[in-house]
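> Quick mapping for you: the protein sequence lines, in order, are chains P and H.
FYI, the UniProt record's numbering numbers position 185 of the first sequence as 185, with every residue one higher than the one before it.
FYI, the UniProt record's numbering numbers position 593 of the second sequence as 593, with every residue one higher than the one before it.
Quick caveat, the hints were computed from the structure, so don't treat them as lab data.
Computed from a predicted model, the values in this text were never measured in an experiment.
Where hints are given, some of them may not hold.
Put simply, identical chains are the same to the list, so a pair is met inside one copy or across any two.
16 angstroms max Cα-Cα, derived EDC-like pairs, lysine to aspartate or glutamate [as the list claims (entries may be wrong)]: (1) 121 / 192; (2) 525 / 397; (3) 352 / 253; (4) 555 / 479; (5) 67 / 250; (6) 417 / 398; (7) 318 / 376; (8) 643 / 253; (9) 559 / 479; (10) 555 / 443; (11) 609 / 639; (12) 258 / 240; (13) 362 / 337; (14) 590 / 573; (15) 150 / 400; (16) 378 / 302; (17) 640 / 613; (18) 643 / 504; (19) 641 / 613.
There are 2 protein chains.
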Amino acid sequence: PPPPPPRGSTSGTGVCFTRDPNNGNTDLFGEFLINAQGEDVVAGTRTPQPISELAEAMPECYAEFKKNTEILEREYGDMQDIEFTVQENKLFMLQTRNGKRGGEAAVQIAVDLHAEGLITKEEAIQKVLPEHLDQILHPKFADTSSDEYKSALLAKGLPASPGAAVGKVAFSNEKVVANKEAGIPSVLVRDETSPDDVEGMYGSEGILTARGGMTSHAAVVARGWGRPCICGCSALRIDEKAGTLVVELENGETRTFKEGDDISLNGNTGEILGGELAVSPPAITGNLEKFMGWVDDIREIDVLANADTPDDAAEARKNGANGIGLTRTEHMFFLPERIERVRQMILGDEAKSAEALEDLLKYQREDFEGIFKAMDSKKVTIRLLDPPLHEFLPSTEDKEIMTSLASNLGTSLEELKRKIEDAEEVNPMLGLRGCRLGITRPEIIEMQARAVIEACLNAKAAGVDARPDIMIPLVGRVEEFRDQAKLVRDTAEAVFKERGQTCEYKVGTMIEIPRAALMAGEIAKEADFFSFGSNDLTQMTFGYSRDDVGTFLPKYLSKGILLDDPFVTLDQEGVGSLMKMAIERGRAEKPDLTIGVCGEHGGDPRSVKFFDEAGLTYVSCSPFRVPIARLSAAQATIEKKNKK
Amino acid sequence: PPPPPPRGSTSGTGVCFTRDPNNGNTDLFGEFLINAQGEDVVAGTRTPQPISELAEAMPECYAEFKKNTEILEREYGDMQDIEFTVQENKLFMLQTRNGKRGGEAAVQIAVDLHAEGLITKEEAIQKVLPEHLDQILHPKFADTSSDEYKSALLAKGLPASPGAAVGKVAFSNEKVVANKEAGIPSVLVRDETSPDDVEGMYGSEGILTARGGMTSHAAVVARGWGRPCICGCSALRIDEKAGTLVVELENGETRTFKEGDDISLNGNTGEILGGELAVSPPAITGNLEKFMGWVDDIREIDVLANADTPDDAAEARKNGANGIGLTRTEHMFFLPERIERVRQMILGDEAKSAEALEDLLKYQREDFEGIFKAMDSKKVTIRLLDPPLHEFLPSTEDKEIMTSLASNLGTSLEELKRKIEDAEEVNPMLGLRGCRLGITRPEIIEMQARAVIEACLNAKAAGVDARPDIMIPLVGRVEEFRDQAKLVRDTAEAVFKERGQTCEYKVGTMIEIPRAALMAGEIAKEADFFSFGSNDLTQMTFGYSRDDVGTFLPKYLSKGILLDDPFVTLDQEGVGSLMKMAIERGRAEKPDLTIGVCGEHGGDPRSVKFFDEAGLTYVSCSPFRVPIARLSAAQATIEKKNKK
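Chain P on its own, in the form it takes in the complex (with noise of 0.2 angstroms):
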């Protein structure tokens, strides 16, 4: 064997960052340990001394290693994890790479490393990974390596979507709702959430849950709306009636916690904690301004954002959103004074239902002026009415509720129950919703277009430019769209009559069924510009319910049947393919045809750069995905110019 290394106070080893990978400091970031070899500093079982100190250990060492370092850094454009050693006080660099870091650091490195002459803007907007702006958005816990957080940890469930979350605990909307009101922070607890749930979902600072993946209502709507959430914990028990949640720690005892108490979640990592733990908001610093202006000077795809609400539209323009490509009407339905309405709406008689229609016609002119007027004069795209009816009515279990709307409606109790029995559908994901629903029932497409156009019309007396854009969902025969178009088309000139006055404004189609992708040049004739709905194109294509792939995805991720969940990122060669199609004959007849995404995907980094790569005019996504859409626009335009 050959001889140990030599050891001894005029030998050592170490490793160092260039930079720090925390926070991006250009100051050199590392230990080494002196009469040492090897894997003596990782093993942990002496304590290394911080690379600073080797300045003083080894002047002449240090020198040439930090002028190294120089060296490295500018052959590869980038900060370098470095392993090195000093044989009887000669230095010896053993291993180079570039160095993993934290989203702070990224963007600080990125910036730094532009400004120092050494990558250009181009590479400075590579080294930023959509995850690194992902982990600078959201707040985060304060001090995840602290004994109080350490001991705070219960139990560990799915890191369905990041950030930290801390409030009171709340098992039901009413609760989150009163807590909201009286300015109480809430963390919404079910065993899992349903349509229902919106409202407190909404409310509330964080959601967690026992059951359910990372593709459950609960997580999606979660991600949606930035709200950190964690799901399928199952150490969890809920006992609703009893108010309890009983946590099942790793060594078998268990912790209860009542309505009220506190509770922390890190979406980050699954993790949650007892008590209140201290946050830090989101660092946006002056450097990721700056570097997300380069971003916007170089990338060609739009980015849009879902949003309903006024609320949301102000977040979107807060992240940077070129407009809304999205705005889905019926989640404004579900707030407590409206849903009685839509309720009346969908089982009264006609008077009574003409009587909602009425009420619901004032509650959505003002969201969607609002909306109007949170965007300036930016592109607003409003969907018409889309989800299957019976997600409004309540459960026929729930004799407050139904005991109230039977008078209201002046019916008995049995044929409520029997009404709300006969709207239920084997599969509502393929049932009575989106145009079929608006063929089926006119007088609420009307409502809504009048809606807009009154909104519209409103908001441009206040000096807005707003020109919506209207889309029609779940078409899959041009006839469908034909029939909706002239719906709305003819309101809107009812009402430029009644005022007269006029606004510019779209009708558009989603498409989101596969038949609307293959018969894309006919429908293109008709349609002022598309919207791929991808989440309903992925469930239509696959034939899969985005509720209950839960029961078979996990087996087919870990056999590889799966590569990737197709809802969280494209499907490039089935779903996309059938896009592309779907471009190609739409552009067929309409060269300039505007067309989008909207759905989850237009947040995901790989299927923006499909997206880009297709020709698509924009990507809309939630708001709190607006960055990171964008940046991996940016990404997809120099991968495509560096291609050529």
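Fit chain H to the given chain P structure using the hints.
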């Protein structure tokens, strides 16, 4: 004004078919009125005389008329429907056209015209419509114009599946089964049917429902099995508990039926009749046999049948199927002694589930062996388990079944209820079914593959050259096919080793998910054959749930948004273009790839013509539709040749 046309005993008018449009007899069939003109015959104010009496009344005119009919038949090559007039003993032929005829007459006339040398076999085939065959091939009421029939009429519903059914009112599966065991015919009467009712539907003579349309569960299943069915009859009030069926008559009176009372259904007209009316069996005459022989000589595409049991298989052969294109193994799971085992397989622990699988293996092996033998050496295509598992689970409300199942599984009622509720899905059509189930629960597929292969070896030992085609359902990714095909092939190898014998078999795939159609090239590399599941492909391509489409389809048809129900007649432009794409991509990889279609469209005449032109190897439809599909296939071939 011109003078009124002359009347009197030397003038008259008449209408006449050159053959009897009811049965095809070659005697003239018509009526005339002496001293009459124009509309007098059809006006019905005077009773006309039979045409035969014209020979006596105006012998010369009659002779001339008779000669004219022969000339016209020769000229047009078809039975004529003629209007004539006689003016002062001079005959004028006013109008002639090809005459409308009933089913029996159509075949008789076609065969006779060929025998008389007036038309070719090809022309004869073109003269019989699919509807004609449909009329012939079902039992029918002996005399629907009798007073007895008219006075028995109670109400009308939708004519969902043709034929005459007579039996005792039965409200439950149990009653149908008990009746069947006692040799008593039943008519199953329900508000609507669900998969739980298939046993009762299968065992009954006919099905009557108060709710649901032409594509409801009852209608689809009944057509598939050739059971007469009337759906959506709103005049019915069914009180299962009280055991009564109350029918509101048109005059406002009601008639009450108890379980066990006689009732008759006319599936051709939707008429519901009280009591037991006389029925004639399908009149399959020698002419029909001869005619179908011509059909088979000419058609190019194979016609297979969907058959789930040895009885179905026998029916399929009787109707001239070239083999079986679809055996839905799950339909055998609903029989009473099996369903408990199926539930044990789904809900039991590993040991209980394995025990159940062993019993199911025996049942399935026996079934498959029966089918192989019934089909002799013809093709038998077997689809592995397809529907969502929870279709097999009991209602948690059914105390008796729940208690027995819980004790069988050694679990508590609460635990059982929870498990059943856990298995519920929001959109079962898009959930855990088909190969997703097979991948999640491979032991079920192993059992099924073993049953097929062992049955095949048993059949071979009995001298039947069985060569099963095993079909993987719901494939969307080639990885799914690969996983399941390997499971089947490994199981087959294991059986071959155990038995020291082998057999030929193929492993193919359903193309029923849009993604599978897009990826058909990749899938063709690994699959031995394709079979389009056009029902599911229509569901996913349109995004329509077949179970829920009744909520908007009537409106769509009445508004002209859809011209046909796409579950009855294939949507050629949308779903059809996806199929063509799949055929092209599949055959680009494997030019000789066998590609068929199974599903309702396989028995629809217009769809069959499309499939023939698209280059499919076969269509497969319910045994009762096989003659219709054979005729449509021959007509497709002839039309293709005529185009060239």
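> How would you classify residue 555 and residue 479 at a CA-CA limit of 16 angstroms: within, between, both, or neither?
between (41 angstroms within a copy, 13 angstroms between copies)
> Checking residue 609 and residue 639: alpha-carbon separation at most 16 angstroms within a copy, between copies, both or neither?
Only inside one copy: residue 609 and residue 639 sit 9 angstroms apart there, 49 angstroms across copies, limit 16 angstroms.
> Are the CA atoms of residue 643 and residue 253 at most 16 angstroms apart within a copy, between copies, both, or neither?
For residue 643 and residue 253, the Cα distance exceeds 16 angstroms both inside one copy (58 angstroms) and across copies (81 angstroms).
> Could you place residue 559 and residue 479 in one of the four classes (within, between, both, neither) given a Cα distance threshold of 16 angstroms?
Close across copies (9 angstroms), not inside one copy (43 angstroms); limit 16 angstroms.
> If the cut is 16 angstroms between Cα atoms, do residue 67 and residue 250 qualify within a copy, between copies, both or neither?
neither (49 angstroms within a copy, 102 angstroms between copies)
> When Cα atoms must be at most 16 angstroms apart, do residue 640 and residue 613 count as within-copy, between-copy, both, or neither?
Result: close within a single copy only, 8 angstroms intra versus 43 angstroms inter.
> What label fits residue 150 with residue 400 when the C-alpha limit is 16 angstroms: within, between, both, or neither?
neither (44 angstroms within a copy, 52 angstroms between copies)
> Check residue 641 against residue 613 for me: Cα-Cα at most 16 angstroms, and say if that holds within a copy, between copies, both or neither.
within (11 angstroms within a copy, 46 angstroms between copies)
> Which holds for residue 417 with residue 398 at a C-alpha limit of 16 angstroms: within a copy, between copies, both or neither?
For residue 417 and residue 398, the Cα distance is within 16 angstroms only inside one copy (11 angstroms; across copies 21 angstroms).
> Given identical chains, is residue 590 near residue 573, meaning Cα to Cα at most 16 angstroms, within a copy, between copies, both, or neither?
neither (25 angstroms within a copy, 21 angstroms between copies)
> State whether the alpha carbon distance between residue 643 and residue 504 is at most 16 angstroms within one copy, between copies, both, or neither.
This pair counts as neither: shortest intra-copy Cα distance 40 angstroms, inter-copy 51 angstroms.
> State whether the alpha carbon distance between residue 318 and residue 376 is at most 16 angstroms within one copy, between copies, both, or neither.
within (13 angstroms within a copy, 73 angstroms between copies)
Hints 1, 2, 3, 5, 8, 14, 15, 18 from the list above are not met by this structure, while the remaining hints are.
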